[in-house]
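Asker: If you read the sequence shown in our numbering, its first letter stands for residue 1, the second for the next number, and so on.
Some clues are possibly wrong.
[Said to hold, decoys possible] Simulated restraints on C-beta separations:
(1) Tyr30 x Val282: 29 to 39 Å
(2) Asn491 x Arg468: 19 to 29 Å
(3) Pro697 x His774: 41 to 51 Å
(4) Lys481 x Glu729: 28 to 38 Å
Source of the hints: derived by calculation from the structure; they are not laboratory data.
In this text the structure is predicted, and so the values were computed from the model without any measurement.
Just so you know, even glycine gets a beta-carbon here, dropped at the ideal spot from N, CA and C.
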Amino acid sequence: RKNTKRVPSFRKLLRTSQIKLDNKLKNKQYKQKSAAKKYRKEQKKLREAVRDAISRKPFPLEERKKKQVVGKWEEKEEEDALPLDMMDEDDLKLMEDLAQKASFLTRDLSSNEPVHIKKRKRESVIEKYEKVPRRLQTEPEKELIHLLPIKDKSGIIPQAVEKPVLDVAHDEEEDAEEMEEAEDFNEEPVPILTPEEMAAQRRQKLQERKMHIAALASAILSEPDSNMKKLKELRAMLMEQDPNVAVIVRKLVMVSLMEIFKDIAPSYKIRPLTEAEKATKVKKETQKLREFEEGLVSQYKFYLENLEQTIKDWKQRKLKKSNVISLKAYKGLAEVAVKCLCELLVALPHFNFHNNIIVLIVPLMNDPSKMISELCVEAVKKLFKQDKLGYASLGVVKVISGLVRGRNYDVRPEVLKVFLHLRIKEVELQKDSEDIAPKKKFMTYKEKRKNLSRMQRKWKKAEEKLERELLEAEASESKEKKLKLHTETLNIVFVTYFRILKKAQKSPLLPAVLEGLAKFAHLINVEFFDDLLIVLHSLIASGDLSYRESLHCILSAFHILSGQGDVLNIDPMKFYTHLYKTLFSLHAGGTNEDIGIVLQCLDVMFAKRRKQVSQQRALAFLKRLSILALHVLPNSSVGILATNRVFMQTFPKMDLLLDNESQGSGVYLPELDEPEHCNAQNTALWELHLLQRHYHPTVQKFASHLIAGAPTEGSGALPLDLSQRSAAELFETYCMKGMTFNPPVASVTPRRKDTFSQMDSFVDEELRKHLQEHISETVAHKPLDFAKHLKESSLV
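Using the sequences provided together with the hints, build the complete structure.
Answerer: Below is the structure:
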């Protein structure tokens with residue numbers, strides 16, 4: 001059986017708003033009620049007319065009943081007929097009286113009903129006939145359309161126009177004819193096209209669609225407020241039904257709408273109007289702006305819903321009913337939809353439905369598809385970096401925290417690593433009891449007299465009120481609001497971190513948690529310091545962590561101790577020992593990038609805590625770092641030597657390692673993992689002499705500088721571009737990720753080819769003669785005798 005279903009029209013493809021549908025339904029119900037009321041009135045009038053007719057004349061019998069009654073009377077007359085002479089006078093008189101009564105003649109004698117039948121029963125028979133609708137074949141039914149009345153001197157004159165009612169049977173016949181024509185049309189054979197013709201036809205269709213999309217987009221961008229219909233038409237093209245071009249057209253429309261919304265969306269959030277605002281009369285310009293904003297929000301909402309549905313269809317592996325697009329093509333559509341959502345997430349954080357986009361994007365960060373996951377992660381990172389106030393960051397952090405907890409901590413580490421890109425540098429600290437205590441509402445007489453007069457206080461209040469209004473009007477970023485948002489955001493981040501440390505210590509999320517604690521540890525409340533340090537030490541002592549995770553634990557611990565924790569009386573010797581032990585795990589291979597974490601740890605552990613570090617500990621680290629500089633890449637060597645320079649300038653008596661080795665207090669034990677007991681003062685930095693011959697010129701400069709005792713002035717001092725940079729900056733500057741050498745290698749100029757002239761090139765004429773004689777003579781090959789020369793050298 002062939003499919004006779006028609007292609008839906010363009011109007012059906014457009015989604016009608018719910019308000020319009022509700023109004024349509026209400027109008028239909030009102031029409032039905034008015035029609036039913038009109039019908040009841042007409043029936044009532046008919047019943048009254050029938051009652052009047054019955055009361056005026058007798059009800060006529062049908063012809064068939066009349067014949068039956070007459071036939072029966074004739075039979076009875078033949079059977080019971082008596083001659084008149086045999087009847088009494090009383091019987092004749094009775095017969096004459098009965099003949100004068102119409103009710104006797106009109107009743108059906110065959111029935112057993114009494115003579116005096118009820119009036120209601122007769123009315124019910126008439127109602128059956130009257131309820132049957134009557135229709136004239138020649139004239140169509142008319143329906144009155146009431147118009148506005150006219151008022152003159154005599155009064156109000158109602159106006160109405162007759163509207164012919166369409167014949168349902170005629171419409172059905174027309175529909176049947178159209179269906180037959182469609183069947184005949186479908187039965188026509190489709191012309192068979194060659195592959196080249198099909199490709200050409202597809203290119204033509206695609207070009208037409210592209211031109212149409214470009215025309216609509218340019219018209220919308222030129223005048224957005226007056227082209228909402230074109231925006232709606234462009235959005236309707238997301239439902240392209242032609243299977244030959246459906247995928248490409250939908251992708252083009254998605255990207256086009258994304259760029260249009262990025263361009264025409266205002267820099268503020270559009271709120272719905274209240275009933276009072278709708279009822280208020282406004283200017284034409286204001287009304288036009290309201291209509292534009294309402295239409296923009298509506299179309300933006302439908303666009304986001306379409307993107308969401310596209311992603312859901314691909315995630316659930318479902319196809320549309322039309323089967324226009326295959327499952328493989330749906331993956332490409334879903335990727336484009338995700339790209340559009342990511343762009344809108346970053347570009348329109350202030351506009352409507354931004355939280356809805358966050359709810360869509362954050363779960364996709366944990367998607368099995370690597371491409372989609374990376375797109376969403378990069379979009380969230382960009383959002384964090386450009387979010388100045390913190391509203392969008394707070395929304396994303398809340399959704400990520402709920403996602404991690406809902407998935408029972410079974411998410412990708414990249415989901416938590418995005419927290420490292422938060423722009424949080426300060427938060428609200430816990431206030432003292434004096435600050436929290438409520439302030440006095442009224443001032444005493446002395447305070448009033450001492451501070452300001454009553455008029456001055458009035459002026460001050462007015463100025464403060466004006467300043468608040470100006471701040472609100474300018475929409476300036478309030479520092480207090482920013483601190484409040486950052487504090488709330490960081491609290492959610494720490495709650496997520498602490499849950500993982502408590503419940504999922506063997507989770508792959510632990511490195512991301514430790515890295516986050518290392519960055520934000522200085523912002524943690526002092527009350528949690530003791531417990532957090534105990535947890536970090538237990539993690540290191542367990543031996544389950546990799547060297548990178550243990551480095552993050554050490555960095556977190558020292559960030560805590562270098563901030564508000566400097567007032568705590570805690571000896572972090574165990575963390576120094578663990579870092580000293582971990583240094584030899586690094587080399588020039590894959591672990592070279594982790595030197596950056598080591599440099600951060602050394603900066604926090606020594607440069608910022610130099611008063612708490614002993615001389616033996618500093619000497620041990622200086623010696624081991626010099627050994628490590630021989631086994632890593634040049635950028636790491638430069639960073640380590642820069643750290644050694646800080647050691648030699650910060651701690652006294654570091655020049656002991658520049659003298660000859662001595663054994664006054666023991667022998668240096670390089671393999672001992674205790675920096676306090678390895679006797680580092682009895683060794684020397686002989687590694688610097690090897691580093692002086694390094695192929696990298698910057699390493700050579702640092703080695704020579706350290707051998708000279710790291711002077712700040714003189715011939716052995718470093719140039720300013722090296723001395724004013726930190727070790728971490730030098731490590732990043734001389735990084736070789738881009739496969740380039742820094743400083744660049746000097747280019748070798750190609751040598752010019754030597755040209756020999758035919759003229760004599762010998763300046764010394766005597767030399768030329770000797771050469772010619774030697775060439776012309778025949779040289780006799782004699783064995784070389786080295787014994788003679790050896791004897792002479794031995795005698796000497």
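Asker: Against the earlier hints, flag every one the structure doesn't satisfy and list their numbers going up.
Answerer: Failing hints: none at all.
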